[in-house]
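The lines below spell out each chain.
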Amino acid sequence: AQSVTQPDIHITVSEGASLELRCNYSYGATPYLFWYVQSPGQGLQLLLKYFSGDTLVQGIKGFEAEFKRSQSSFNLRKPSVHWSDAAEYFCAALTGTASKLTFGTGTRLQVML
Amino acid sequence: NAGVTQTPKFQVLKTGQSMTLQCAQDMNHNSMYWYRQDPGMGLRLIYYSASEGTTDKGEVPNGYNVSRLNKREFSLRLESAAPSQTSVYFCASARAGRGGNQPQHFGDGTRLSIL
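In order, the protein sequences belong to chains A and B. Per the numbering used here, the first sequence starts with residue 1, numbered consecutively. Per the numbering used here, the second sequence starts with residue 1, numbered consecutively.
Calculated from the structure, these hints are not laboratory results. Values in this document were obtained by computation on a predicted structure and should not be read as measured data. Cβ atoms here follow ideal geometry from the backbone N, Cα and C, with glycine treated the same way. Careful: at least some of the hints might be erroneous.
Here chain B is said to cover these stretches of chain A; the calculated rule only asks that three of the stretch's residues, wherever they fall, bring their Cβ under 8 Å from a Cβ of chain B [said to hold, decoys possible]: (1) 16-30; (2) 103-111.
Restraint-style ranges between C-beta atoms, simulated for each label pair [what the hints assert, rightly or not]: (3) A:S84 x B:K9: 37 to 43 Å; (4) A:I60 x B:K9: 45 to 51 Å; (5) A:P40 x B:M27: 42 to 48 Å; (6) A:D54 x B:D56: 30 to 36 Å; (7) A:L113 x B:N28: 39 to 45 Å; (8) A:G53 x B:S84: 40 to 46 Å; (9) A:P40 x B:P8: 31 to 37 Å.
Using the sequences and the hints given, assemble the complete structure.
Here is the structure:
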């Protein structure tokens, strides 16, 4: 079955430190991949997406993600984390048609000041 | 620019009561979706509507019904609420694209508690 895995439930980093959130997918073909961010009490906001082409994609708020086919991964990175980045992050993959998404279980990011 | 609007934002029901969650989008999107979010489980698709006039089951449809009232509105109904349906419900919409690869836009959610 197609699936998206986020192995880290909770990550804590210091403000100014670098960040990498892991995402692995299991699909027969290269899926379309997304990262969303959810602030407390809010809906999900799209950070970035990968469809094809350049495997390093840039998103909003200084985030980037790298698609690695050999590792079936799509990890999210940020060089220097800000306190406002504290939120929950979801990796998702498109399944079939009609833009249906399969989500990972999320990674909650805590930022220490 | 409202995007996706969900009403109500909060609701408490008793077991067995019925309720309809409303969702409307003003982006002229063809596809709309209902998800539920539970701790440690991410978002799971309940129902979706690829276009006006069509609806299909997602991963967890049991206990729910939907209506695509028109292109803008997509409602989710709980006919007889159960405590297991306590969750945060999100509506989303997407512009239909070739291959269906358009990102979804989300509302702010409805927090539903069933006692």
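Tested hints:
With 0 residues having a beta carbon nearer than 8 Å to a beta carbon of chain B, the segment 16-30 of chain A misses the requirement of three or more and the stated coverage is violated. Chain B is given as covering the segment 103-111 of chain A, and this holds because 4 residues of the stretch bring a CB closer than 8 Å to a CB of that chain, at least three being needed. Restraint check, S84 (chain A) to K9 (chain B): a C-beta distance of roughly 23 Å breaks the suggested window 37 to 43 Å. The hinted range of 45 to 51 Å is not satisfied by I60 (chain A) and K9 (chain B), whose Cβ atoms lie roughly 25 Å apart.
Our hint of 42 to 48 Å for P40 (chain A) and M27 (chain B) is violated, since their Cβ atoms are close to 25 Å apart. As the Cβ distance of D54 (chain A) to D56 (chain B) is approximately 33 Å, the hint placing it in 30 to 36 Å holds. Checking the proposed 39 to 45 Å range against L113 (chain A) and N28 (chain B) shows it holds: the Cβ atoms sit about 42 Å from each other. A beta carbon spacing of about 43 Å between G53 (chain A) and S84 (chain B) agrees with the range 40 to 46 Å that was offered as a hint.
Look at P40 (chain A) against P8 (chain B): about 19 Å separates their beta carbons, and that is not inside 31 to 37 Å.
Checked against the numbered hints listed earlier, the structure breaks hints 1, 3, 4, 5, 9; every other hint is satisfied.
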